[in-house]
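Both chains are sitting in their own frames, so use the hints and assemble them into the complex.
Same order as they appear, the protein sequences are chains V and F.
Using my numbering, the first residue of the first sequence is number 1, and each one after it goes up by one.
Using my numbering, the first residue of the second sequence is number 1, and each one after it goes up by one.
Read the hints as simulated data drawn from the structure, not as lab findings.
No experiment lies behind these values; they were computed from the predicted model shown.
Using N, Cα and C, we set each Cβ at its ideal position, and we do this for glycine too.
No false leads were slipped in.
Here are the computed distance ranges between Cβ atoms for each label pair: (1) F:K319 / V:A28: 23 to 29 angstroms; (2) F:L325 / V:T159: 46 to 52 angstroms; (3) V:T159 / F:Y76: 58 to 64 angstroms; (4) V:V134 / F:Y76: 20 to 26 angstroms.
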Amino acid sequence: MAADLLNIGKSGLFAAKQSMSTTSHNIANANTDGFSRQEVRTETNPTLGEGDYVLGTGVEIQSIKRAHDELVDKKLNSSITSHKFNEERSLQLGNIEELFNEVNSEGMNKILNRFFNSFRELSNQPENETIRNVVRENAKIVIGDFRRVQENLDHIRATINKKVDLSVSEINSLAKTIGKLNKEINVQEVSGGMANDLRDQRDRAVRSLADFFPLSSYTDDRGQYIVNIQGVGSLVSGGMVQELSAGSVVSEGKNSAEKGDVEIFFTNRPSVAITDKLKSGSLGGLLKTRQEEVLGLEKQLDELAHGLVLATNAIHRRGFANHPVPVDGQGNPVPNAARQKVTGINFFKEPLDLKRAAEYIALSDEIEEDANNIATAAEANKPGDNRVAIAISKLQHEKVLAGGTTTFEEQYLKSVGNIGLQSGKSKIDQEQSHGILAQAKSLKERLAGVSLDEEAANMVRYQNAYEASAKVIRASDEMFKAVLNLLS
Amino acid sequence: MSRVSENSSVNSINYAVGKTKGKVEDLQIKGSTLKRVTKPSDDPVGNVELLSIRSQNVDAEQYLRNLNFAQTSLSYSENVLEEITDLLSKAKELAVGQASSIHSPEVRQGVAKEIHQIRQQLLSIANKRIGNRYLFAGQRVLTRPFDQDGKYQGDTNKINIEINKDVFVPININGKELFFSSEKRQPEKSDLDLKNPELEVSPEIAVLRKPASTDPQEVPVSIFDELRSLENALITDNPQVIQNLLERMDASIDRVVAFRTQIGAFTNTISNAETNIEKIKLVNETQKSKIEDADVTELFSELQKEQNILKATYNASSKLMNTSLMDFLK
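Chain F extracted, bound-state conformation (with noise of 0.2 angstroms):
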């Protein structure tokens, strides 16, 4: 037989009832933020887990937001290409008509006018701006790219947009792979060097350096060149003249649908991209309700439990604490 004292049965029923509130104050904490962790000790494992699903989450969000900043220009691109095609072909249609020697000096003279027209139609298209951002002017966007003569003034330089982790892709077409023929790209001249002993760069970053070729390169005639050849073919009534801008005009046509197909697969890669993003998203959404979230079926059997535990107790301690021999000796 074992003894009991006072103070071995107050001690016993302090420990149980400070065990069993302990637990209920804890699963009260979960109950009412319907959470499993709340600190990092309660998961350290997911805890950490969780915190590299949020920087993901994070970044997938920022990488929408590029993605978004990316289509907006290239959508806004592909609308002024298919003006300038539309420009160009107006212009091609009319010298075609004129391309005979059927047509009278005057009339010449109105088309003459004409075109001078789509020529400026084209410059201020060429110096379009998203914003404050020259569309055309490569990476100088502050720079307005194509002067009165059609002189450009902006670089070669592509911008690239990181649209998700490791994949980029270009928004801009520069004035001079656009309105340029037979345009050789011409070597980037000073590309960032990132190489740095101390600081090893992921391999996107060393695709941005490119080795430079300095191949001489032919003279690039731009369309306003031509557009204002045919200007002047037409003022001179000079129907030969016409008849070889033709297909150079056919060229630059040409072109220009080149790069709106270029565009059309760039959209792809974003879409596709963005929907790899929210794929990831939802499966960071699934893991991280996983690891952070309680399940509140068990949440509250297992509170209803320790709730009767602690009922139980405080039943027992009251008999235990309210009986005495002392009462029976009378």
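Chain V on its own, in the form it takes in the complex (with noise of 0.2 angstroms):
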């Protein structure tokens, strides 16, 4: 009996320790990033019977579990993959939207606005050669703005290309993190019990993908940990990784990316892109802006630049130069018989594709050579002629472009106008994803984060248990002293 006593006795000193142990892990992990406390779970030793009475026999470790919700932590991750979709196009809507921030500088509404009032300023005095060349370098500012423009949206697609790539190496480190853990976890747990740890990592690991790309994770009916791209297919399953590659695609396909642009794809299935099928995360965030307002504000700007080059060529090649031209005797001009072209000049460089009609605008190099060049007059030999730089100059407010239904300046707002709308807007549903995410990390926190209080209460209430298990011991030696005193 007594021998008992001694056995319970010595396993209430055990589970203490063992208990006391757990609370240490706690409390030394309290601030590692993805651990999930840890508690002991005891049972009763098995009883014994004995006549009449069944009899307790102290206690037994039965396991260590991590406090964990497979909800909370699926809950977790897909507030993440949307907060960072959000985050992502914030931050590069927020860059483009810097390109036409007109607030306080000048931009290209303004300096198209000037291109044209300064044919208005040349028509008051179209033979005077320093207003020409007001009018020659307020059109080189055009230019310039225009390719300012573009040359940054290529950055930022170069910006968002080079993203993309750097987060699918990313992917596939992590992708084999995973794959790695799963293996080790395997083995650890063949034994029965717990990987705990190693299972946080695992958790960690997986919460880090969700950073990426929206995704699902579940155990299958081997036992496999599988990790998968939602609509696109499994990237971990157990210990076998499916790479992802970044670059271009050689398909037969059509291909929605513009030339030089990075698709992702499977590196075993080059030819499949599933670029299009990220639509979350931060991968699906850099994926959409370049898909539709990078290519779509690029679009747009030029048809603005081609509108403007071929509409002002076609008034201008109208027009008369500012040279005389030699007439006959009835004041007729003579065909052919200036030294000079005067008539049927381009102001701007024809031909000019449509396609990165913004890269390539450019002054013609008649107007390059000589400001002389610009034509004002509707008639030869008419300095102060100045129909044709009225008549330039009233295109600010004609519906030039989209088929005759919107002005330079209509079309060129309509863009700045949803860009600061889906700018505006991303900035909204980023404070609204980040709100959402905080509850879900700290409903996260809350079941499995160490408590400092309650880790200070356990650590009293199990080192009570160790001392008073000792004093079990003790009080069963005393006992045994007093039946061996007996018999001396």
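Laid out in structure tokens, this is it:
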């Protein structure tokens, strides 16, 4: 009986010590990212039947469990994914928006406007060479601004492509980590028990993966842990990893991205791009911005530049430059007698393709050479004739673009308005998803995080249990001694 | 009872502080610029309106410059017309004095010299320039409009200036219509045809295309011819011719005066346009300020409020972070 007492004391001592060490582990890892607090689960030892009684034989450690809830983790992962999407969108759109920010500085709208107004000024004194030079300078500024916006959009596109590329290598390294952890967890758990710390590490890696794209994870019936890219397929299944690649796709199928744009695909299936299927996460945010805003703005900008060149040239060609033309006896100009071309001159260089018009827009050689080649007159030898200059300045308010439905300014303002709206919306979305993420995080931390207060209380509890168990052993020792003393 | 872990309370502190600090920062930027809109996304619709108001203002500035240019040209022309009227009146007075046959040929010789002088003066006035532009040369502004014989070298085109959106005024009177009698307007030779299938042109430009008329013109007589005839009549002592010339000279003076009246009318148009532009500018300024300027009182009370919230968050956080059960287990 006393031997039992000693054993019971010993089991209590052991359980208390183990609990104490788990508590210490919790405290030590209070600030470890992704750590879930652990708890020693104990149960009573098998009982002994003794006559009419059933006797308890002490305590045994059943398991060490981590505080974990699959659903809470899933919610956290999906909040991370959608927050990262909004965060990335808002960052990229903020960059784009800055290109069109004219609130405190000069922008394309003002510059275009000044271009037309310089023709209006020229219409006052078409023979004035200074004003002709001003017109040419303003045209150069317009060209420069088209290029500025175009170059910056290119830069943003390049940055996005670079980021996609880096994300893919990060995804691969995370996927490999998960695959490796899957194997290790299987090995550790073969003998029963839970590989708590490794599982925490795996959860953390999956959570990092959730930054990039929407994912789902589950354990299949053979105990394999699987991570899926939603709507695409499995990235990790057990110890197997499907690597992703980023680069250009050589495929017979349609390719929605611009030339030079990075596409994402599984390394072992290089002809099938999955780029379009990534709708959320930071990758989703990057790709949506690239496909919608950057591409759309480039197109609108090209249309604007192209329209400006065609419309200006169409009128300009009909005008006469500021050069004298020899006349015959009746005062009519002699054809082909002039030393240089006086009419039919282009203001901007043609031909100009619609594609990347904003990049290739330039002054024609004639205008570049001599500002007197700017055509202002509707008739030859009339330096005071301002009708063509007026006609060009009136283009400012003409509905020239989009099949004669919008003016240059309307078209430009539509683009700016749209980018402002999208950027504003992404900021609000980001704020909202940040709130949701904070909530999901706090849910997770409340469940799995370490509370030092709780651990302190537990420490006292287990310390007391340890002391009490030690006293039980001493008591049983004394009881033994009492019996031994009887005999002596 | 919900559990609170170390990380959950740190997270919530971070979130609360971050959110409030973000708001304070945003308000501070607005406070330092006193602008409500500092980037398009602050107010996408307002931003677009702002940009279009700005273009209107740039346009308005240009129209004001055009308007001043037109005004200057017209005032200058008006002064010149006044000089011409004075000279012509003087010539007419002299002619009236010599219309009867009471004067001796010697006197007439003297008067003839005077008329010659007037004709010379008139010629130099007719070749007046603003800057390097000849006033009465039509659109051939760099060509001297009248030679010594009073032969016209310019053209009969008007120079129109846009002084407000779609409002044009002519700023010149060409030498032909001013100095030549009963001159029906000649059709302008080759008016700009801007008809272009890919380009719809507004009506103001379309107005520039005038239907051509090919009426036979009666031979115009210039004021210079009249004065030369007068001079010759005086020299040859021919009161009958002088008498006949009087009527023509009256017609010439009337014509010059009529142009002066016309200039007055244009000046009116110009000052009306100016008033309109200034009005639009004022309305635009108000609207612009409404969109982009921050309400200072609201802004700073909001800033104060957010700063108080931030302080309160700090206070609460410091209390939460500095207490632990550990402190009480000694």
